[in-house]
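Participant: Sequence:
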Amino acid sequence: MGKQLQVVDLLSPGRDLNAYIQTVNSIPVLTAEEEQSLGYRLQQEGDLEAARLLVLSHLRFVVHIAKSYQGYGLPQADLIQEGNVGLMKAIKRFDPSMGVRLVSFAVHWIKAEIHEFVLRNWRIVKVATTKAQRKLFFNLRSAKKSLTWLNGDEVQAIADDLQVKPETVREMEGRLTSSDTAFDGYQDDSDDLIAPAPANYLEDQRYNPARLIEEGDSEQDTSARLQEALSQLDERSRDILQQRWLNENKATLHDLADRYGVSAERIRQLEKNAMKKVRQAMEISAGQLTA
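The numbering of the sequence shown is my numbering, which starts it at 775 and goes up by one.
Among the clues, some could well be false.
[As the list claims (entries may be wrong)] Beta-carbon label-pair distances, calculated as ranges:
| hint | residue 1 | residue 2 | range |
| --- | --- | --- | --- |
| 1 | Ser1005 | Asp1029 | 41 to 49 Å |
| 2 | Lys863 | Glu808 | 33 to 41 Å |
| 3 | Ser1005 | Glu945 | 55 to 63 Å |
| 4 | Met872 | Asn925 | 42 to 50 Å |
| 5 | Glu1022 | Ala998 | 37 to 45 Å |
| 6 | Val1036 | Lys863 | 54 to 62 Å |
| 7 | Ala998 | Glu890 | 27 to 35 Å |
| 8 | Lys863 | His838 | 29 to 37 Å |
| 9 | Ser992 | Val1036 | 56 to 64 Å |
| 10 | Phe879 | Lys1046 | 53 to 61 Å |
| 11 | Arg944 | Tyr814 | 48 to 56 Å |
By construction, these hints were calculated from the structure, which means they are not laboratory data.
Ideal placement from N, C-alpha and C gives every residue a C-beta, glycine not left out.
Whole structure, please, built from the sequences with the hints as guidance.
Facilitator: Okay, here's the thing in structure tokens:
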């Protein structure tokens, strides 16, 4: 049990990142023979102890990969944790008979999980959704040599290298250099200056006379169509809806079951059928008004 807890504890760096890194770096690295033996034990026997040893011996490698993603402003502990998820997925699919070291196989799974995390959290608005955009996103980040905008030759060179259109490179560059803005803006400590924010440009429509009249007419129309639909129901069904939904003190299914001498389930069925008839009648009425 203690060994299992050790793996669980090391899959998440926790608050003390330095202590975590020191711990994973102290775990011995497996030889190729040891790794292959553990791989066969896991693949053929489902040996969880073998899986544990494979995970522990490769945690230092996840830390190494996660460090290369520090430029996105995301917590390194979170990057490591996501990379560990990718490591476990790789170990689950690792085939020692292929003659490839686990580290070479796992790197793709580790980076894939970290990439997904970066794209989910780097911006409120997603900067890349398609596979091609994601490839361009990460390659463009590493291709930019400075914080300045790319010139025409640089754009063309990146476009040729990644086999995309130059305008696609420009569009992604714009997304990379943009930043999120708080809807209500930011205030300084003196409360004298308020940065421009989307909320400052919205028109308050709450007291617009035209809107108030429109809402009033809509409410009256809905109420009239509801009353018309209710009038088409039989007396019992109409009373059930009245008692269950329209009265201030709403009745329960059991209250109505006692009143009509039937089961609560029967009341529920009558209520459901009545609601369906009312909905259909209101839709037909609305369609006649717009026709």
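Participant: If a hint holds in the structure, say so; if it doesn't, say that too.
Facilitator: Verification of the supplied hints:
| no. | hint | verdict |
| --- | --- | --- |
| 1 | Ser1005 <-> Asp1029: 41 to 49 Å | 24 Å, violated |
| 2 | Lys863 <-> Glu808: 33 to 41 Å | 21 Å, violated |
| 3 | Ser1005 <-> Glu945: 55 to 63 Å | 58 Å, holds |
| 4 | Met872 <-> Asn925: 42 to 50 Å | 45 Å, holds |
| 5 | Glu1022 <-> Ala998: 37 to 45 Å | 21 Å, violated |
| 6 | Val1036 <-> Lys863: 54 to 62 Å | 56 Å, holds |
| 7 | Ala998 <-> Glu890: 27 to 35 Å | 52 Å, violated |
| 8 | Lys863 <-> His838: 29 to 37 Å | 18 Å, violated |
| 9 | Ser992 <-> Val1036: 56 to 64 Å | 37 Å, violated |
| 10 | Phe879 <-> Lys1046: 53 to 61 Å | 55 Å, holds |
| 11 | Arg944 <-> Tyr814: 48 to 56 Å | 51 Å, holds |
Checked against the numbered hints above, the structure breaks hints 1, 2, 5, 7, 8, 9 and satisfies the rest.
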